[in-house]
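First to last, the sequence lines map onto chains A and B. Quick note: the first sequence uses UniProt numbering, first residue 1, plus one each step. Quick note: the second sequence uses UniProt numbering, first residue 1, plus one each step.
One or more of the hints may lead you astray.
Since the list can't tell identical chains apart, any single copy or any two copies may satisfy a pair.
What the hints assert, rightly or not - Each computed PhoX-like pair below joins lysine-lysine, with the alpha-carbon atoms no more than 20 Å apart:
id : residue 1 : residue 2
1  : K152      : K133
2  : K152      : K44
3  : K30       : K336
4  : K336      : K289
5  : K340      : K9
6  : K400      : K96
7  : K152      : K79
Note that these hints are calculated values from the structure, not bench results. Quick caveat: nothing in here was measured; it's all calculated off a predicted structure.
There are 2 protein chains.
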Amino acid sequence: MDVITLATKPTILILGGGYGGMVTATKIAKEFGHNDANVTLVSKHNYHYQTTWLHEPAAGTMHADRTRMPIANVINESKINFIQDEVQEIHREDNKVTLKEKGQVDYDYLVTALGSVPETFGVGGVFEHAFSKWTVNGAREIKDHIEYLFAKYNNEPEPRDDYLTFIVAGAGFTGMEFIGELSERIPRLCQEYDVPKNKVKMYVIEAAPTALPGFDPELVEYAMNLLENRGVEFKINQPISEVTAEGVTLKDGEEIKSQTVVWATGVRGNPVIEQSGFENMRGRVKVEKDLRAPGEDNIFIIGDCSLMINEETERPFPPTAQIAMQQAETVATNLKALIKGESLQEFKPDIKGTVASLGGKEAIGIVGNKKLYGTSANFMKKMIDNRYLWILGGAGLVLKRGKNPF
Amino acid sequence: MDVITLATKPTILILGGGYGGMVTATKIAKEFGHNDANVTLVSKHNYHYQTTWLHEPAAGTMHADRTRMPIANVINESKINFIQDEVQEIHREDNKVTLKEKGQVDYDYLVTALGSVPETFGVGGVFEHAFSKWTVNGAREIKDHIEYLFAKYNNEPEPRDDYLTFIVAGAGFTGMEFIGELSERIPRLCQEYDVPKNKVKMYVIEAAPTALPGFDPELVEYAMNLLENRGVEFKINQPISEVTAEGVTLKDGEEIKSQTVVWATGVRGNPVIEQSGFENMRGRVKVEKDLRAPGEDNIFIIGDCSLMINEETERPFPPTAQIAMQQAETVATNLKALIKGESLQEFKPDIKGTVASLGGKEAIGIVGNKKLYGTSANFMKKMIDNRYLWILGGAGLVLKRGKNPF
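With the sequences and hints as input, model every part of the structure.
Here it is as structure tokens:
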């Protein structure tokens with residue numbers, strides 16, 4: 001009897017070890033019994049990392065290891081199997097997924113939480129010449145590249161200003177948070193490497209008519225003033241036409257020479273979505289209200305690969321960790337309902353607030369209708385980061401890995 | 001009367017803030033009265049650094065700032081003036097020196113202690129493609145370059161083995177001490193950047209028939225075995241014919257691909273020597289026994305710009321900090337004698353011993369006739385480093401900046 005019961009346990013496959021995949025796995029481990037399902041999580045790395053913290057190690061204001069944790073330390077291994085591998089394609093008709101190293105794996109239910117890749121918007125040279133990976137590896141590369149340029153500066157026969165010119169493409173959250181950290185660190189880097197501070201140039205270049213599009217204009221102004229006081233120059237409403245080995249060329253013809261172009265203009269869904277034939281917009285699938293892919297009974301898509309329209313603004317919700325985590329909780333509930341033959345929940349995003357850190361003790365944010373500046377926003381940002389750790393690993397993980405707001 | 005006394009004080013100009021220049025200045029400050037001479041030290045940087053420590057920051061096992069100290073903190077500013085500038089030429093007939101920024105300065109007595117630059121021995125591509133500067137700036141560049149390659153490694157679509165291949169050209173003291181530090185750090189770098197240790201290749205390439213030519217063969221073997229156990233591969237008796245953007249080409253045609261070639265084959269005297277028309281061999285002037293340049297009454301040359309033949313071996317003494325410092329003490333004494341019209345001392349080197357560190361707690365050395373290995377050699381090495389600090393700044397500097405041998 002036992003053998004048959006085991007054999008008929010449905011198989012749940014979770015693709016992706018980011019916010020969506022990890023919270024799905026954690027919630028399933030909490031709420032499912034051992035005999036409810038075989039659950040497997042597939043992730044490219046054997047560690048989970050917090051994408052929303054990566055602007056700090058990228059600028060060198062936090063060690064990269066503080067943004068990641070071994071997946072084995074977080075998931076309940078008695079309930080969740082883990083496979084370290086890279087997803088190549090989802091075969092919907094066959095209920096199979098092809099992995100790069102380990103071949104094919106079957107599923108009865110699939111949770112696709114594969115995250116995103118940088119969006120170039122057709123600008124040439126991004127992958128060749130800009131830093132665009134918001135991953136642990138990518139962040140370390142940006143940090144070490146910047147330090148290397150500072151180290152090289154005093155070894156050149158003629159001063160190379162492009163070594164000390166830093167361009168951030170995109171004044172969205174990622175770009176603003178990164179330049180916030182970098183501008184905060186520049187004075188220390190100058191001291192460390194004997195480089196005159198007035199030689200350093202920092203640009204944030206944004207194609208849209210404002211920094212942080214869609215965010216409260218008063219807060220945007222606060223952030224821009226603060227960053228300008230640290231030496232950042234904004235070029236707003238100025239699209240980039242090309243990234244080259246020398247720097248960037250703007251649509252209006254201006255060239256800015258720089259050895260460091262950090263690409264942060266936005267993201268598109270993981271290419272596996274397009275590869276697997278899902279109807280999509282820039283790699284994102286417009287999911288049903290129960291978070292399943294249209295026409296698919298057993299495939300959920302969440303996080304940056306999913307697209308949902310905000311009915312109030314009639315625009316898509318931005319791809320955020322907050323929404324991915326909320327979707328993950330709904331998916332865990334819906335998986336249980338699906339297995340038991342019960343009816344599925346509709347997902348309703350509950351935007352609790354948005355906070356952007358700006359380096360040091362500075363931040364801006366909206367919580368409810370309240371605007372936050374400086375230390376109060378900074379406090380809130382740290383609380384949000386810690387709350388995530390709590391969801392993932394309880395108070396123990398907060399104590400071990402959390403951010404002290406004081 | 002006082003005014004005339006002041007006006008007739010002779011002017012001593014010391015060129016270079018390395019071991020020779022700093023010890024000359026320190027000794028003069030101790031032994032000369034305020035009315036004996038106007039003394040000025042010229043140095044390119046406003047800090048003095050210990051060249052013989054640079055293999056550590058270059059490999060990233062010590063912070064670069066630990067190898068340097070502000071010159072103003074060390075010299076007695078009531079007795080020694082300091083000019084931060086770069087020496088361009090010595091005009092012997094006019095008793096003048098041209099500085100890059102501040103124009104010409106006069107002297108009555110000149111101490112030339114301008115140190116050395118890398119020697120390429122005619123091998124092409126060294127300055128374009130290899131790291132060759134044993135300076136604070138140069139060490140920081142090597143360290144940050146290596147870390148940057150580790151950071152980049154996991155971001156490449158195809159693994160680039162040349163990112164993890166490190167070539168040291170030259171198995172003299174500098175090359176061996178550097179590979180000692182680097183081989184010691186590699187396991188930590190691999191862990192830090194998620195790089196498999198077996199991907200890292202380290203080569204030491206030496207044109208001579210042995211590593212550490214002239215050193216005790218038993219100690220050389222100890223060092224090579226130890227480094228080989230850490231993964232270093234030696235290519236002895238194999239001259240390099242060219243350094244390229246891809247790596248090195250050996251005389252026998254073999255190519256080794258590497259993004260990091262560290263050039264440590266030896267040095268030649270500062271080009272200012274040749275520029276100023278001194279008779280020289282590879283930028284080194286064969287000085288008289290009293291350390292003056294041949295035919296010059298008022299010009300002393302010490303350190304790596306000076307050449308002295310060891311009468312026992314009939315070969316030149318190697319350019320070492322030990323000899324530069326001993327010469328500096330003699331020069332200070334001879335300057336005083338010269339001003340007073342007394343006869344000058346002959347310089348006699350007193351080689352107290354030679355120790356090479358090999359990373360971690362490992363070292364080799366000769367003190368007197370005694371061979372030292374491992375921790376005892378490591379202890380001696382640290383004592384030598386601390387003794388130098390003592391000469392420069394007394395017990396206070398040892399306490400502040402010294403190396404704890406335990």
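Structure-inconsistent hints, enumerated in ascending order:
Of the numbered hints, 6 and 7 do not hold.
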